[in-house]
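Residue numbers (our numbering), protein chains in the order written: chain R, 1 to 342; chain W, 1001 to 1309.
No lab work stands behind these hints: they were computed from the structure. Virtual Cβ for every residue (Gly too), placed ideally from N, Cα, C. Be a bit skeptical, because a hint or two may be false.
As the list claims (entries may be wrong) - Simulated crosslink set (DMTMM-like; lysine to aspartate or glutamate; CA at most 25 Å straight-line):
#1 W:Lys-1014 to R:Asp-241
#2 R:Lys-2 to W:Glu-1202
#3 R:Lys-87 to R:Asp-112
#4 R:Lys-87 to R:Asp-241
#5 W:Lys-1053 to W:Asp-1272
#6 R:Lys-2 to W:Asp-1201
#7 W:Lys-1014 to R:Glu-247
Stated by the list, open to error - A few chain W residues that don't get close to chain R, going by computed Cβ distances all over 12 Å:
#8 Phe-1059
#9 Arg-1070
#10 Leu-1143
#11 Phe-1159
#12 Ala-1161
#13 Val-1227
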Amino acid sequence: MKPRTFFAFVAPSLALMVLFIAFPLLSVLTQSFQNTQAVFTESRVEKCTPGFPNPICSQETILVAQRDASGRALTRTEFVGLDNYRKLLRTDDIARMVAEGRASLSALLAIDFFHALRFTLSFTFITLPFVIGLGLAIALALNATTRRLRGPVIFASLLPFIITPVIGALSIRWLFAGDGVLAGALSWAAGQRVSLFAQAWTIEAIMILYRIWHVAPFAFIIFYAGLQTLNQDTLESAIVDGASRWERLRYVILPHLMPLIIFVSLIHLMDSYRVFDEVVGFSSQAHVVSLQWLTFDLLTPDNTGNRAIGRASASSMLTMVGIVLLLIPLLKRTWRDHRGLR
Amino acid sequence: MADTRALAPSFGLKALTAGFLAVWVIVAVFPLAWTALMSFRYPVDALSGDPVKIVTGAFTLDHYRSVWIRYEFYRNFINSMIVTAGVVTISLTVGTLAGYALARTRSSLAFWLLIGALVFRALPHSVLVTGYLPPFLQSRELLMPLWTSPLTGWFFQLFSAAPPTLYGQPLAIIIVLVSINQPFTIWMMRSFFMNIPNELDEAARVDGCTHFGAFWRVIMPVMWPGVITTGLFSFLLAYNDYLVTALLLDAQSQTMVPAISSFLNRDTRGSDQIEAIAAAVSITAPLFLLVMVFQKQIVSGLTAGAVKG
Chain R
1 MKPRTFFAFV APSLALMVLF IAFPLLSVLT QSFQNTQAVF TESRVEKCTP GFPNPICSQE
61 TILVAQRDAS GRALTRTEFV GLDNYRKLLR TDDIARMVAE GRASLSALLA IDFFHALRFT
121 LSFTFITLPF VIGLGLAIAL ALNATTRRLR GPVIFASLLP FIITPVIGAL SIRWLFAGDG
181 VLAGALSWAA GQRVSLFAQA WTIEAIMILY RIWHVAPFAF IIFYAGLQTL NQDTLESAIV
241 DGASRWERLR YVILPHLMPL IIFVSLIHLM DSYRVFDEVV GFSSQAHVVS LQWLTFDLLT
301 PDNTGNRAIG RASASSMLTM VGIVLLLIPL LKRTWRDHRG LR
Chain W
1001 MADTRALAPS FGLKALTAGF LAVWVIVAVF PLAWTALMSF RYPVDALSGD PVKIVTGAFT
1061 LDHYRSVWIR YEFYRNFINS MIVTAGVVTI SLTVGTLAGY ALARTRSSLA FWLLIGALVF
1121 RALPHSVLVT GYLPPFLQSR ELLMPLWTSP LTGWFFQLFS AAPPTLYGQP LAIIIVLVSI
1181 NQPFTIWMMR SFFMNIPNEL DEAARVDGCT HFGAFWRVIM PVMWPGVITT GLFSFLLAYN
1241 DYLVTALLLD AQSQTMVPAI SSFLNRDTRG SDQIEAIAAA VSITAPLFLL VMVFQKQIVS
1301 GLTAGAVKG
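Next up, chain R with everything else stripped away, as it sits in the complex (with noise of 0.2 Å):
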């Protein structure tokens, strides 16, 4: 295929992705050192409330907002440098900490990013395991019983890995929450009252549970049809050979599925790392929240119809250099395979 001719089948979606991706990601840079705030003046006002013979009056200063011709509020922005990172960060705290000599580690945890940057860590390398684990034994378990099995159990696997996150998480919450039978249950086995929705690490515990269900019948999936390109003769070959089940799962299986671990892991890695509906989906913002709920946060406007926009696109840059961080010895393999190609 000509140059050009590739340029023009190429050109909108270039054009879509450097407009709405690579663009906003310069602007956003930007923004984290800047501060946009609202133009006030004081201004001298006189407050007089009735009184005998003459009203009681007394001056006041007032701060008012200033706005243009048509009525908006004027604002007004500024470059601050690092100083959205270091609100974000709390840097000034964690100096006076240390100064202090009061610094710890859940002193460092109590800071709003340290702690979403710990959990969303935690949450993408402890499901990463159990996705895996349980989408190969799924896979394998399918593969070894008869073929009549195969729609009714891809059918029921897609509805988790299928359904929005947000209400897969509520649907899980309203099992374990209050009322819900699982809570019961549980109460029941325990034999106190059980609330799971009390304490951080509860809440984290389900959802990682509800990850690894949302995410597992997606390896299971890529598992199976890697399993169905099995070559058999390999197989045949190492049953003659005396080997036993877990040997030809170990030395034929695992060495053919293992383009494909690779796969999931790197897929699982991107999308665990931007966790953010099971915050919305548990209500779990008073204990646990991640990177991107955050940022999210920050963008919601306050009580005041404020947008944090600085310290959000500062969050922003930070959650960004994480994932960049977590993909570069995928990109170092990628370059080195590419260079071996040519």
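Please build the complex by placing chain W on the supplied structure of chain R, with the hints as guidance.
Okay, now just chain W, sitting in the frame of chain R:
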């Protein structure tokens, strides 16, 4: 053929796998089935915490009626349909073209494009929304020069007297979701096009077709399964999205998924809770139908990217 009996598992193992699969199927279906069941019960049964009462309680459609009619959930449904239909159409049009070109070239530019798309695929959506929000809120002022300048003004004034505020516009959301979804779409489309032999294009080119003609008349007719599958995944992204729609749409243009949070916050009476459940089930029902109809395509879509590479 080797002795097939050597491959056949023992009875104990068979029972174990069957049992495991049965447990998995129950775990997969139970939360959704139970939620659906609760939505048809009166609060007195549904919130009793007694499974027997929930299973045997009286049947009612009251909650659905109040969700759809009293709280006008159909408006959110219509918004959802507008947004998803727009996203699927534009995403497929743009993505098919790019996917085809990427599958038929070995240039370095294509490689970098795909790697760039992979990195974009990994970006948390909140990062992008942070970039959109300020310009969307002020788009009226930002775009004003286009409307007032003598060169372009006449053209833009054909559409509206003043520039639109993009915040709360379903059309703006459609473009945003299409762009966010674009990296994934072109990867998936590319892997489907890779399955179609190059000889097919070449034959068409020899017969005198232009590149676009070959693409449109020869390749597209055999590409429909791939297009449908990619369309399904675009649909899911647009339909399931909470973050982007919650931040960039206002109350009038809200889609179904973010609208459910208003039901959750209302959570004071017993029937409010069941109404939230009924709204959740209403959101899930179209997805359920989708799996029923398109199970094969969804499975092939999931495996398309992976098995090839």
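Hint-by-hint comparison with the structure:
Restraint check for Lys-1014 (chain W) and Asp-241 (chain R): the C-alpha separation of about 23 Å stays at or below 25 Å, so the hint holds. Taken as a hint, the Lys-2 (chain R) and Glu-1202 (chain W) pair is honoured in the structure, with Cα atoms around 14 Å apart against an allowance of 25 Å. Using a Cα cut-off of 25 Å, the hinted pair Lys-87 (chain R) and Asp-112 (chain R) holds, with the two alpha carbons roughly 11 Å apart. Taking the CA atoms of Lys-87 (chain R) and Asp-241 (chain R), the gap is near 65 Å; set against the 25 Å cutoff, the hint is violated.
At roughly 19 Å between alpha-carbon atoms, Lys-1053 (chain W) and Asp-1272 (chain W) fall within 25 Å of each other, so this suggested pair holds. With a CA separation close to 14 Å, the supplied pair Lys-2 (chain R) and Asp-1201 (chain W) stays within the 25 Å bound. A C-alpha spacing of about 19 Å is found between Lys-1014 (chain W) and Glu-247 (chain R), which places the hinted pair at or below 25 Å, so the restraint holds. For Phe-1059 (chain W), the condition that its CB be more than 12 Å from all CB atoms of chain R holds, with the nearest at approximately 19 Å.
The Cβ of Arg-1070 (chain W) sits about 21 Å from the closest Cβ of chain R, beyond the 12 Å cut-off, so the non-interface label holds. For Leu-1143 (chain W), the condition that its CB be more than 12 Å from all CB atoms of chain R holds, with the nearest at approximately 14 Å. Remark: the non-interface label on Phe-1159 (chain W) is consistent with the geometry, its nearest Cβ contact in chain R lying 19 Å away (cut-off 12 Å). Every CB of chain R lies more than 12 Å from the CB of Ala-1161 (chain W), the least distance being 15 Å, so the non-interface label holds.
Separation of Val-1227 (chain W) from chain R is adequate, the least Cβ-Cβ distance of about 15 Å exceeding the 12 Å criterion.
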